[in-house]
Each structure stands twice: as C-alpha cells, then as structure tokens.
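Chemist: Residue numbers (the working numbering), protein chains in the order written: chain U, 1 to 295; chain V, 296 to 592; chain D, 593 to 1063.
Heads up, a few of these hints could be off.
[Stated by the list, open to error] Below, in silico cross-link-like pairs of lysine to aspartate or glutamate (EDC-like), each with a Cα-Cα straight-line distance of 20 Å or less:
| id | chain 1 | residue 1 | chain 2 | residue 2 |
| --- | --- | --- | --- | --- |
| 1 | D | LYS669 | V | GLU305 |
| 2 | D | LYS707 | D | GLU1045 |
| 3 | D | LYS707 | D | ASP960 |
| 4 | U | LYS243 | D | GLU690 |
| 5 | V | LYS340 | D | GLU935 |
[Said to hold, decoys possible] Stretches of chain D that chain U covers, calculated by requiring three or more beta carbons in the stretch to come under 8 Å of a beta carbon on chain U:
| id | region |
| --- | --- |
| 6 | 821-832 |
| 7 | 835-845 |
| 8 | 971-978 |
| 9 | 1003-1015 |
| 10 | 1027-1034 |
None of these hints come from the bench; they were simulated from the model.
All C-beta atoms in this analysis are idealised placements derived from N, C-alpha and C, irrespective of residue type, glycine included.
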Amino acid sequence: MFISLRAWWPYYVMILPGIIYFILFHYLPIYEAKLAFENFRIFGDNIWVGLDHYSRLMTSPVFMQVLINTLIISAMKMLFVFPVPIFLALLINEVRATGLRKFIQSAIYLPHFLSWVVIAGIFIAALSPSNGAVNDIIKGAGFAPISFMTDAGSIRWVLVFSEIWRSAGWDSLLYFAAIMAIDPQLYEAAEMDGANRWQKMTIITIPGIVPTIATLFILNIGLFLNAGFDQVFNMTNDAIRDKIDIIDTYVYRIGLQTGQFSLATAAGLFKGLIGLVMIVGAHNFSKKLTGKGVW
Amino acid sequence: MLRKNTSSFERVEQILILSTLFLLVVITVQPILNLLAISLSDSSKVPLMSGLTIIPEKLSFDVWAILFQHPRVLTGLANSVFIAVVGTILNVVFTALMAWALSRPKLPGRRILFIFVLITIVFEPGIIPDFFVVKKLGLIDSYWSVILYKMVNAWYLIILIRFFEEIPNELIEAVELDGANAFQVLWLIVLPLARPALATITLFYLVYHWNDFLRPMIYFNDQDMWPLQVVLRQFVVEGDKAAMVGIEAMGNYDGASQINMRSLKAGMIIFTIAPVLFIYPLILKFFTKGTMSGAVK
Amino acid sequence: MLKNTLISTVAALALLTGMAGAVNAEPVPVRIVIKDVLTTNPEDMAHMERIEAAMAKNGHEIDIQLVNLPSSGYADKLKLMLLSGDVPDLIYFQGGDEQMADQGLLEDLQPWIAKTEYLQNALWPHNVERLKNYPYLLYPFAARSKAPLIRTDWLEKTGLAAPNTLDEFTALLKAISVSDFDGDGANNTFGIMAPGNTKELDAIFNQAFGITGTWMQNNGEWVDARVSKEERAKLTYYRMLFAEGILDSEFITKNWEVKEDDLYAGRVGVVMGTAGPVVGIYREKMRQVHPGTELTLLLPPKGVAQGLQAISVSKESRGFALSSISENKEMVMELLDFLASPEGQLMERMGFEGKHFSKDGDKITVNDALGSWYPRFMVANPNAWTPPVNLLSPVAQASLDQGVRFFSADNSFVFPADLAVDVDAAENFYRTAVYRFVSGETSLDDWDDYVAEFNANGGAKLIAHARKVLK
C-alpha cells in the first residue's frame, strides 16, 4: 500500500495546485454561504435563523408553479437543446472542404458572444406578429400570425429555440473535438469494407463520441434547477410570466423587494443539494447501463 | 480522404447537409450584420431601421469614433488581453495536470477527489460569499482575483479527463516501461494526442475570461484595471441613464442628442466580439484528424 | 492640488479676517459615495473643489473625499462595500437602504434637517412627506411624474384641439390610429403605447377613472385599488383601446427603448415621458430625426377627476443617507445646507461659468454644454431658489409644472419583509390578468373570478394588513 502511494506521488503533486484552488475559491465560499441560515448583521454577529429563509421561499402562493416551470423548462432543454450540438458536429464533420467547414464553424458560434438582452431584442423583433420575419413567412404561407412571445403555449418553445440558436454552434465544438480524436484507421478499415457515409457515422463516429455525450449529459443533470436566469429575465413579459417564472427569477424578485441576500444564498444551496442528488443518480444509472459514469 | 465512387445519392446528401448548414449560417450571422449596419448608420436614421436590414443607412462612423476615442477603451483592451492570456495559460496548465492525474484509473483516492470536484459544480454559492472570500484573501483590486477565479473549471476538467481516458493504455504503458515519469508521459504522449481537446478548453477558458464582466466589475474599484467588457458596459450604462428615466441622471447623457443609443450599443457589441473572431481560426488549426494514429506507430 | 488650493484659500481667509486662531488647520474629512461621481472625472473633482473653497469661506473647513463607485452594478457594489464594514459618511442609495436602516446604520435625518438654514426650505413637498414616513433617505429633486406627449405637427394634422376631457382624448388617439400621418402608405400607426405593461397608461388615466391611490375606500372599508370597481372601468376602457387598434397591440413585449424609437419613427402618436429633462431629451431626439418638429404636452384626460397618478410618499426610493457611525455628521449637514443655499444651487444647477453658462455683466446665457451638466446632490424647490435663466426647453419646463400642478400623495406604505412573497404573487397575478383582460383573452364579465383569484394569490393577506395600517 505504501509502496503504491509512493509510486503515485508525482500525480498528487500535479493535483495539489488544483486542490488548493478548489478549497480557496469554492469551499471557502461554500462555508461563507452559511449565511443562508443567518440574518446578516454589520455590527456584531449574524443572527442564526435556521430554515426561516427556506420557509419564506416556499410559503409563497406561486412557489409550486415556479418549481414546476423550472422542471418543465429544464426537461425541455435537456430533451431538445442538448442533442442539437451533437447533430451539428456530425453534420459539420461531413463537410469535406476544410475552408468551408471553418467558415461555417466560425459563423455559427458567433451568437455565443451576444448577451441575452440583445438576443431577447432580436427574438422579440423576429417573432413580432405584425412585422416579424417569422410571421411574415407564416402569413405568406396563408396562415394566421402567431404571437409567440405572449402565447402561453409557445413561449417555452421560444426559450428552447433561442437557447439552441445561442449555444448550439458553440457547444458543437466540443463534440467536434471528440470526433477529431477518433482514430482515422477505423474509418479506413470501414471504407475498405465498403461502408457508406451513413454506416461510418453510425458505426464509428457516434460510438466514438458517446463517452463525451454521457459525461456532458450527467454534468448538465447536476444543473437541472438552473433553467437560465438571464434568458428568462430578458424574455419574460406579463402575458406569460406565470409560464416561465423559474426559481432564479423568482428569488431575484423577492430578494430585490426585501434586500435580503441570505434568501438568494438559501436558494443557491437548495439548488445545489438537488443538483448533487441528481448528478449522483445519473452517474449510477449510467454506470449500471453502460458501465461508465463520470468517475 | 479520397472517395472511390461518389454516387448521385451521396451528392444529394451533400447538398442537403450544405444547405442545412448554410441556412444556420444565415440565421446566426444576419443579426450580427444587422448590429454592424446599425453601428455604421447615421443616428437620425437608426430609429427607422428594422432588425432585418444589413445595409447601413447614411453611412456614419460617429459611433466607432467615440469607441476609439474613449480614454478607457485602449486600457480596457490591454487589461482584457492581459487577464485573458495570463488566466488562460494558468487555466490550461493546472487543468491539464489535474486531469492527467485523475484520468489514471488506479490512482488511490480518485473517487473521493472526483466527488470533491463535482460538489463545486453543483454548489455555486453566488457572488456574495465569493466576495467575502476574495476580500479575506486580500485580492480586492488585484488582477489575481479574476485571473484565479475558475483557475480549474470543474466542468472543463472532467471533460478533459474524459478525453485523456480515450488515449490507448498500451501507449502509456509502453512509454512508462521505457522509464518515463508521470510528467514526461503527459508531455510526450498525452498532450500531443489530446490536441483538439486542449484547443477546445483553451478557447473555452479564453472566451470565459474575455466575456467576464461581473467579477472584474465587483472586484476592481480602480477603473484603470477594468477590462474591456466592464469599460464598454459602463460606457453604455452611463449613456443610458436619461433614457432609463432618472432626472438626476440626465446630465451624463453626454452627446445624447447626437448619438443614438441603439447605434452605440450595437457598435460596442461588435467591438467586443471582433478580437475573439481572430482567435477562432487559430484554434481551429488544432482540429486535425489523425493525431492518435500518428503516435501509435 | 486640491490640498494646495485649500491651504491657500485658508491662508488668504485667515489673513483677510484676522481669524487665524479660530480657523482649524485640519479640514474635516467627509467621505461621500455617489453613483458615478468619481475622482477620475475632472468635472466632478473641480465641482467638489469649488464647494470646498466656498464652504471654507463660510468657515466650514471640509475635505470632501469621493469614494469611487461607478454606475455598473452600483447597488450591488455599495451593498458589498457597506456589509464588509466600509461605511462612508454620506451615502447615495439606489435600493437596498432598508436593510441598512433596519440595522441602525442610517441616521434619522429629521432632527438634523430641522437645524439647517437653507436645506429645510429647499425640500419639495413630497420630500417632507416621505421623510415623515421614512426618515433615513433624502432625495431633494422634483417628484417623478409622467407627461403625455404628442408631435405638434400630428396634433395639428388631426384638426382637433388639444384634448381636455377623456372623450376628447380618446378621439385624438382614435384619429391618429386611423390616419397615416407618417405617410408610409400603411395603416400601422397606433394612438398610444406603454412599454411592457399598463403602468404608463395608469399615470394619466387612473384619476380619470377615479382611482385616487393604492388603497381605496368602498363603503367605509379599505380595498386594494387593483380589485376596485374603478379599476374594472379603467380596464374596460383599455380593452376598448386595444380592440379598436388604438393601443399598440404589441405593447407587452416592448421596452422603453422601442417606445422612443416608435415615437421618433412615427409608429405611435402619444407616449409618456418623465417630466423634466427627459422630456427635453425626447424633444431633442425628435428634432434630430424630423428637423423642426416640436412636441406638445397634453393634459391628463378629465373623467371622474383630472390629474396624474398619485405619487407614493411612503419613502424615497433612492437618495442620500447619513451614516449613523459617521464622526462628522455636523459637517455632512453643513455640506448639504450649503448645497441648498443660493450659492450652492448656482453651482449645482448651472455648472461652470464659461463652460456651461456665460456671464456678460448681469446677463447670463446658457451654453450648449449645459446639456451635459447635471446636479450631483440636489435641485431646490422653486420657492427656495430659481435659476436666473430658463434651463429647460418650454415643453420640458411645462411638463415639470404640470407635475407640480397635478401632484397628489398616494396612501401606499412599505410592507414588512415577511409579506414580500405575497406582494410579489399579487402583483404578478394582477399584471398577467390585466394583459389578459386588455387583450381580450379573458372577458371582463369574469371580474368576480379575477377578484377571488387575486385574493388567493396573496391579495387577501395584503388587504388584511392594510386595514391594520390605514385608519
């Protein structure tokens, strides 16, 4: 045992700076987050209030709705946003001309640099029932315009599509890197056997990136209750607020009204706890299913 | 890669793929070109411009002149480059070291270390606890407060571990048998083989530092230290004030009657995106196939 | 530099008055934090220096130390600064003050103001009322009211006289919405718009429908105005505006920025601007897009009553606070008192001679640069001090005067923190319901259901509390 530890020492040296960093910049703040259970005082010690902040959050008449919204929006994003960059990477991989491929990649990752305020403006204008481009097309096809931004049935889909628009190109980069890491000899062998494009994709490329997909999926599960504050905050309006009000926007409003930041910290810890449970669950599930998890 | 027979079916496929991607390019690039057009238009025309146009109306460089004349823009640019470059180097070095160690399946304590890292992904205590820690560490008004934040991003760390794990074990063992130590294996085998992955996380870190405004804004009271994002944000917020309806604010509306806010904002957005655009093709260079097979032989 | 000026001023003063012995050599330091008033801004620094010099002449040796806190994230940064124990003497708050007041960090300003020579007279009526309810924050500026505005040439094109009654007002809006004054060949101009919600409409229509405040009397009992019969009548009217295509059909997704552009581009006839300088800015921008075009200020329509929405006097939503742990409270008050004095107001309001205004003998003329000058601390009530020349364009000045003329105090109050979730739930429910009524999604015949749901969403708790507070 000691011998093996001694053999491993260079690896611990490599890990050490990271460990120190995590303790300083992550675990100390987590310790400071004890203020979720306190009332902050400038003079003297903070007052311990236990779970008061949690019960405050949860006694609101709208809390259930907010929680349900968060879960629905997160689930929709997991289902419909998460796979898009994978398809995109596969598509881009099929573009043979390197120059063209780089051009496409450079173009579709641009929206990642726009903040949600700007993106919300773009979407609201594009989806306007009177003069938006999307509704112009719908009207041109002979249908009645749809007020996407104020329609209770469509607003969550607006969140899904704007998220895809903003992040699919950027996120596809990671999968593209995974594809690049696949051994080209596999493709050569497959070609020798007369495999076509479709077969190579399903037999070699996709299995090759499954570990990356699984890892990202499990990590994303951990952030399940973060349904996208900036996005919702900028896209919401009175007509549909009750459909897309999520934990983060809710806590933000309550915190603003009361000036209580212990409340926000309390919500953060709550989300973290749920996230931890979910990430461990997803890991175990994946391990049972595929023999591979995150750790 | 040579194709022996390009069937007509394959050609149809290719056209389908290309037209899908082309459509994506159009819908992602159009809004950006619209912003560019607005920033290059005369302020008197901007209220009349729609979100569809990509051609400037009554070409004017006023906005860009303001951006380039603003005393803090150049220092902001320099600060941004400094923070992004130093930060990214540290990020990549320490992330790679930790990832390599944690990718060894037999490392004693690996499981515990993984959970130690994962906890930091789900528990984000928020800016207030962060601030108290940075204050206690004495890093307020120090570049280190933003450079060190996310020094090892748990997310990227785990992704990199996943990539390192893909490297065939025989390769590593072969070099270890030749007497290479852990650092040498990392340097000679692992890093070269994981070039696309390294390039990706380098870009991710770089862009993270580049886009970050919250932490520099909170941690730097000294405006000379501000990176571009904070400078430009401040710049726009200042101009915004009167329109944001505040009587006390109206005065800072410097030149409000000359410059349209939408135009200025558009210019600012393009200004901050432009430098990153140059980096991207450089990063893409590392996306070459065949790194693995080359090393096996 | 600052110090040198001071020392020489002090020395000169000492020589002149022969009071060298009485003058304290060390000026009293006063630390001030104000959003965007920064040591890095030369104009801010020059302004502080001349205040120091002028106060020294009056025997108050002050050393103003600005704490740099730029506007980005001001409220958050201020909060963090205070919580970490760094508390300046004079603090400008933009939210977040209640938490500090709860902890005893802010001084009750009323006894201090009572001792001042100029400041107490410089306050506006709403300042006095607000201080009575919440004595920790002072914001001596005109009350923020809304001013309905229309393009003068459009008003003329309708051939209608400037409206006075609600019917006349409606007729004007209707006339705009059915005409094509912007001449783009499409019937796409709306009569009126309000960005995001109906708040800006309420600003001018509330009184017309008899909504006099946040809480209303009904058969001797207090009710929430949001579920009053007057509210129902008002929403019925808004519904009519929406259905007739008079109210912008997409107001719900628009923001203030789009509102402005819609006004300049001729997509809407009447919008509300914040009375005072902001109206002046609208006018400037309008003239930039359509040279020679003026804006006309409209009266709030007269229905049950005529007036602007009652203004909350529960507390200042922003303003200056005095630190209770400051060691130099007297000097802070001397500073505020000086700023309220004619000498201080001249500096605060007019900027620098030669740059922002010119003086030729007794004749003062305003320069264009005044547009970029703004008072850092206060604007005295016009009874206490009026500038020697008009600082605002006529329409902007008229909007301010109209705000004063139609001022009424609201009976709203601040809810305790444990009702915050109910305040939030009720307000959000109300806002969504308003949109559904106005857009026609819900019929106003279902009013009783709405009231019941409002009560279930926290409304009942709020009114129960209000009945305890209001006598």
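Chemist: Each of the hints needs a verdict: does it hold here or not?
Modeler: Consistency of the hints with the structure:
1. For a cut-off of 20 Å, the pair hint linking D:LYS669 to V:GLU305 is broken: about 59 Å separates their Cα positions.
2. Between D:LYS707 and D:GLU1045 the alpha-carbon distance is near 51 Å, which puts this suggested pair outside the 20 Å criterion.
3. Proposed proximity of D:LYS707 and D:ASP960 is contradicted: the alpha carbons are some 38 Å apart, above 20 Å.
4. Proximity of U:LYS243 to D:GLU690 is assessed by CA-CA distance (about 31 Å); at most 20 Å being required, the pair is judged violated.
5. For the hint pairing V:LYS340 with D:GLU935, the CA-to-CA distance comes to about 43 Å; that exceeds 20 Å, so the pair is violated.
6. Counting residues of the region 821-832 of chain D whose beta-carbon sits less than 8 Å from any beta-carbon of chain U gives 0, not enough to reach three: the coverage restraint is violated.
7. Chain U is given as covering the region 835-845 of chain D, and this holds because 4 residues of the stretch bring a CB closer than 8 Å to a CB of that chain, at least three being needed.
8. Residues of the region 971-978 of chain D lying with their CB closer than 8 Å to a CB of chain U number 0, which falls below the three-residue condition for coverage.
9. Counting residues of the region 1003-1015 of chain D whose CB falls under 8 Å from any CB of chain U gives 6; the rule of at least 3 is met.
10. Under a criterion of three residues with beta carbons nearer than 8 Å to beta carbons of chain U, the stated coverage of the region 1027-1034 of chain D is upheld, 3 such residues being counted.
In this structure, the hints that do not hold are numbers 1, 2, 3, 4, 5, 6, 8, in rising order.
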